[in-house]
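For the sequence shown, the residue numbers in the numbering used here are 1 to 333.
By construction, these hints were calculated from the structure, which means they are not laboratory data.
Some clues are possibly wrong.
Each pair of labels, with its calculated beta carbon distance range [said to hold, decoys possible]:
| no. | residue 1 | residue 2 | range |
| --- | --- | --- | --- |
| 1 | Thr59 | Gly28 | 56 to 62 Å |
| 2 | Arg236 | Ala321 | 17 to 23 Å |
| 3 | Glu317 | Thr158 | 23 to 29 Å |
| 4 | His258 | Pro313 | 17 to 23 Å |
| 5 | Ala179 | Ala321 | 51 to 57 Å |
| 6 | Gly161 | Ser331 | 15 to 21 Å |
| 7 | Gly144 | Ala175 | 16 to 22 Å |
| 8 | Ala87 | Gly291 | 55 to 61 Å |
| 9 | Asp200 | Pro313 | 41 to 47 Å |
| 10 | Asp97 | Ala321 | 55 to 61 Å |
| 11 | Ala68 | Gly28 | 32 to 38 Å |
| 12 | Asp116 | Ala176 | 17 to 23 Å |
All C-beta atoms, glycine included, are put in the ideal place defined by N, C-alpha and C.
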Amino acid sequence: MTSVARQYDCLLLDLDGTLFRGRRPTEGAVQALAEVRSRAFFVTNNASRSAAEVAAHLTDLGFTATAADVATSAQSAARLLAEQLPAGAPVLIVGTDALADEVAAVGLRPVRRFDDEPVAVVQGLSMTIGWPDLAEAALAIRSGALWVAANVDPTLPTERGLLPGNGSMVAALRAATGAEPQVAGKPAPGLLTDAAARGDFRAPLVVGDRLDTDIEGANAAKLPSLMVLTGVSSARDAVYAKPAHRPTYIGHDLRALHQAGERLAVGPQPGWRVDVGERAVTVSGDGADDGDELAVVRAVAAAVWAAPSDGRPIGIEAGDARAREALQRWSLD
Numbered sequence: 001m002t003s004v005a006r007q008y009d010c011l012l013l014d015l016d017g018t019l020f021r022g023r024r025p026t027e028g029a030v031q032a033l034a035e036v037r038s039r040a041f042f043v044t045n046n047a048s049r050s051a052a053e054v055a056a057h058l059t060d061l062g063f064t065a066t067a068a069d070v071a072t073s074a075q076s077a078a079r080l081l082a083e084q085l086p087a088g089a090p091v092l093i094v095g096t097d098a099l100a101d102e103v104a105a106v107g108l109r110p111v112r113r114f115d116d117e118p119v120a121v122v123q124g125l126s127m128t129i130g131w132p133d134l135a136e137a138a139l140a141i142r143s144g145a146l147w148v149a150a151n152v153d154p155t156l157p158t159e160r161g162l163l164p165g166n167g168s169m170v171a172a173l174r175a176a177t178g179a180e181p182q183v184a185g186k187p188a189p190g191l192l193t194d195a196a197a198r199g200d201f202r203a204p205l206v207v208g209d210r211l212d213t214d215i216e217g218a219n220a221a222k223l224p225s226l227m228v229l230t231g232v233s234s235a236r237d238a239v240y241a242k243p244a245h246r247p248t249y250i251g252h253d254l255r256a257l258h259q260a261g262e263r264l265a266v267g268p269q270p271g272w273r274v275d276v277g278e279r280a281v282t283v284s285g286d287g288a289d290d291g292d293e294l295a296v297v298r299a300v301a302a303a304v305w306a307a308p309s310d311g312r313p314i315g316i317e318a319g320d321a322r323a324r325e326a327l328q329r330w331s332l333d
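Turn these sequences into a full structure, and let the hints steer you where they fit.
Quick look at the structure:
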């Protein structure tokens, strides 16, 4: 059987929660990527750092990366603005200097005050954004300025836990203005398609931890995806995912890239039988055991996704002791 990594000629890899959490690589990530022969791009919704800074951070963690390997939501946000504004147009920056540099790189003029008469606002993650910055942006948006958000992730995974993400700050401006931003990063498809367009690739694969950004973005871009369980979304989240959030493959971590695609694909699994009833699916073990703890998750997810639903959640029931233990492991009981 062919490994997932060998089935695709381009990997579009999420960072926070997938490759690392804060200053620590996720388990097995460095070695797993070192053994990959496909072209890899590091695709991040985090607009707070430049591509060079992201590459340096990855290198410090033990990965091999250059600025050319990195695609950021700041770059895609700048492209969105450039497509809609004349050269030299003033754009109010709610974010870091790295975001401002990307705006300048596409021929627009970064500003920081409403008094500079901005015709657009671009908003990206910054650890120092405060009320004065949001106030300037609110004035501009209420005056009719185009509003682009680099991303709308509500949280940011770190080694300390989940912290407020850019989406939390976007929510504040949304509440203050009643406006809705254009979104450059995942789950909008632009960031992923921008990255894939950097080469003549026939088979890109999106890899990420969040169903509502990485996987939804992959589906919006019509690309297959591998969900890893090292970040925000859980196995239970995947089982009950709405159609836009459903991954092609589910793996523990990036080492799954070197497992057979047939094993990782959501669908029937050796060792498990799932019967679909009117209001629940019933899971039982048939005696086979290949040591893959996630096999039951993939099998149950496939059944739940295929089950008829009138909007009410589908129940999951254990048909024997082995199934009960497996379902409890993933909070599916």
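**OP:** Hint by hint, work out which the structure violates, then give me just those numbers in ascending order.
**Re:** 1, 3, 4, 11
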